[in-house]
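J.: Respectively, the protein sequence lines represent chains A and B. Okay, so the first sequence: first residue is 1 according to the numbering used here, each after it adds one. Okay, so the second sequence: first residue is 114 according to the numbering used here, each after it adds one.
These are calculated hints, taken from the structure and not from any lab test. Do not take every clue at face value.
Said to hold, decoys possible - Cβ pair distances, simulated, as ranges:
#: 1; chain 1: A; residue 1: Ala80; chain 2: B; residue 2: Arg185; range: 44 to 52 Å
#: 2; chain 1: B; residue 1: Ser144; chain 2: A; residue 2: Lys52; range: 24 to 32 Å
#: 3; chain 1: B; residue 1: Lys129; chain 2: A; residue 2: Gly84; range: 40 to 48 Å
Unchecked claim - Straight line, CA to CA, 25 Å or less: simulated DSS-like cross-link-like pairs of lysine-lysine:
#: 4; chain 1: B; residue 1: Lys129; chain 2: B; residue 2: Lys210
#: 5; chain 1: A; residue 1: Lys52; chain 2: B; residue 2: Lys210
#: 6; chain 1: A; residue 1: Lys30; chain 2: B; residue 2: Lys210
No experiment lies behind these values; they were computed from the predicted model shown. Glycine included, C-beta positions come from ideal geometry on N, C-alpha and C.
One-letter residues, chain by chain:
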Amino acid sequence: DAGVTQSPTHLIKTRGQQVTLRCSPISGHKSVSWYQQVLGQGPQFIFQYYEKEERGRGNFPDRFSARQFPNYSSELNVNALLLGDSALYLCASGLEWGVQPQHFGDGTRLSIL
Amino acid sequence: AQKITQTQPGMFVQEKEAVTLDCTYDTSDPSYGLFWYKQPSSGEMIFLIYQGSYDQQNATEGRYSLNFQKARKSANLVISASQLGDSAMYFCAMRGKNRDDKIIFGKGTRLHILP
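The task is simple: from the sequences and hints, build the whole structure.
T.: Listed below in structure tokens is the structure:
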């Protein structure tokens, strides 16, 4: 079975641009979460979606938005990119939301010039 | 507020030795889950082991075991018989069971296995 898949793997953008990152969860998983990992730090929670509804949001500005589709895949959108948005963006999926572990994709490495 | 603390930024261990990675946590929730993830230099986060707050037994997965001491709010990862491929960043994480709960990660411990 395929794991969590993310696209693209790498992305280079300039300040002020907009970006869309995509995530397909493990088959049967209904929960998708997004994390930002800046170099040298642990991942920081951005969003969680379950059954197409937002179920949690981290301390990120409104420039960050996401959605989940009927097939449980998800997109993360970031507008008006800043240099500080350069990071590894990780998507994780889980069977439900709650205390169960999540399984991560390989991430999208976003570089802002 | 929930918090995860990993006090070892880096560790060097001889191959085949056992290694313990420290993790302490803070939460007021009665129900929570504790996780360990491995992140090689390639970047992917690999789930290693999970411990529920109400689990009576310490979790084990192959060479990985979690030394769960609830009263001390400690969830150390023990890797037995370390291998060169264990060299990576290791993150301890926690998640509550409430609707708005999110996974909180520690800052990680970089483990180097020496041949």
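J.: All the hints need checking, so say for each whether the structure fits it.
T.: Tested hints:
1. Our hint of 44 to 52 Å for Ala80 (chain A) and Arg185 (chain B) holds, since their Cβ atoms are close to 45 Å apart.
2. At about 25 Å, the beta-carbon gap between Ser144 (chain B) and Lys52 (chain A) stays in the expected band of 24 to 32 Å.
3. The beta-carbon spacing between Lys129 (chain B) and Gly84 (chain A), approximately 42 Å, falls within the hinted interval of 40 to 48 Å.
4. Distance check on the hinted pair: Lys129 (chain B) and Lys210 (chain B) sit about 37 Å apart at the alpha-carbon level, beyond 25 Å; violated.
5. Our distance criterion of 25 Å between C-alpha atoms is met by Lys52 (chain A) and Lys210 (chain B), whose separation comes to about 19 Å.
6. As the CA atoms of Lys30 (chain A) and Lys210 (chain B) are separated by approximately 16 Å, the hinted pair is consistent with the 25 Å bound.
Violated hints amount to a single one, hint 4; each of the other numbered hints is respected by the structure.
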